[in-house]
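Asks: Sequence:
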Amino acid sequence: MPVGRQPLESRLWPSGGAHLWRSGGTSSAHSHPRGHLVYAARGVLSVHTESGTSIVPANRVAWIPAGFTHHHRAHGDTDMRIEFLPASLARPLPGHPAVFTASGLVREVLLTLSGARNHDRGARNRYRAAHARLRRVLVDELQEAPEQALQLPEPRDDRLQAVARILYDNPADNTALAELGRSVGAGARTLSRLFHDELGMTFHEWRTQLRIHHALVLLAEGHDTTRVAHASGWANPSSFIAAFSTIMGTTPGRYRSGSPGNVRQRAGLHEPQPHP
1 MPVGRQPLES RLWPSGGAHL WRSGGTSSAH SHPRGHLVYA ARGVLSVHTE SGTSIVPANR
61 VAWIPAGFTH HHRAHGDTDM RIEFLPASLA RPLPGHPAVF TASGLVREVL LTLSGARNHD
121 RGARNRYRAA HARLRRVLVD ELQEAPEQAL QLPEPRDDRL QAVARILYDN PADNTALAEL
181 GRSVGAGART LSRLFHDELG MTFHEWRTQL RIHHALVLLA EGHDTTRVAH ASGWANPSSF
241 IAAFSTIMGT TPGRYRSGSP GNVRQRAGLH EPQPHP
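The sequence shown begins at 1 in full-length UniProt numbering and counts up one residue at a time.
Read the hints as simulated data drawn from the structure, not as lab findings.
Please note: incorrect hints may appear among the correct ones.
Said to hold, decoys possible - Label pairs and their computed distance ranges (CB to CB): (1) Gly185 x Asp140: 42 to 52 Å; (2) Leu12 x Ala130: 53 to 63 Å; (3) Ser10 x Ala130: 18 to 28 Å; (4) Arg133 x Gly185: 56 to 66 Å; (5) Asn125 x Thr250: 31 to 41 Å; (6) Gly187 x Ser10: 47 to 57 Å.
Ideal Cβ placement from N, Cα and C applies to all residues, glycine included.
With the hints as extra help, turn the sequences into a complete structure.
Replies: What follows is the structure in structure tokens.
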């Protein structure tokens, strides 16, 4: 279980909250009786559950159903928003953790629902009906949004776990599956079958997903595209840009410069100050 760190600043209310995290900030493992949406208005979040890890950059929103034990980690200084959904409203959403594209409308609704209107009880009461309508719009939008391939499933088989640990430690490792298999005592055919049957993807797809996760973290830390490409396992930046664009729908450069911008004022939270 991770040891949690307190966020720099938090505001909480019955339907959600807003937290500012330093890069590397990690919550303790916990669960909620209601399903909730997690959005990084700035920075990148990873959301960890027993079934896998979801990466949530600023153009995605994560859904965590009720009762799922999870913890969050911030990559880069991160403005994290949470919106709880009542069970009746959450029914159309998946029964498993998922990541969706955050359209412009979804972003604006989430920012409004997690903004300054919630900072005192009187304001929450005045906007109660409006917020209920916005939550219905939010769920309608997410029902139309396809699930994104940003969840990295967690292996259960001991041999897959051993392979995964090697690549978690070094996502740029280009060792072939057959050679990895020799180091963990399993043949390439066996491992290929396990990746397909247990994780629902090929070894190449899983490793690419892991590398994109790593790349998102490095981009959030401010590294340039060439450095990120090499650190994530691509021999040249053009191959990395192509793979990143296929999964993320935009180039690394546009992603880094085009994330939703100055939203801190909407939360009424302060900009994290540099370390002294």
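Asks: So, for every hint listed, does it hold in this structure?
Replies: Hint by hint, here is what the structure shows:
About 50 Å separates the C-beta atoms of Gly185 and Asp140, a value consistent with the hinted range of 42 to 52 Å. Range check, Leu12 to Ala130: Cβ separation about 20 Å, and the 53 to 63 Å hint is violated. For Ser10 and Ala130, the hinted distance range of 18 to 28 Å is satisfied, since their beta carbons lie about 24 Å from each other. Restraint check, Arg133 to Gly185: a C-beta distance of roughly 57 Å satisfies the suggested window 56 to 66 Å.
The beta-carbon spacing between Asn125 and Thr250, approximately 40 Å, falls within the hinted interval of 31 to 41 Å. Between Gly187 and Ser10, the C-beta spacing of about 50 Å keeps the proposed range 47 to 57 Å intact.
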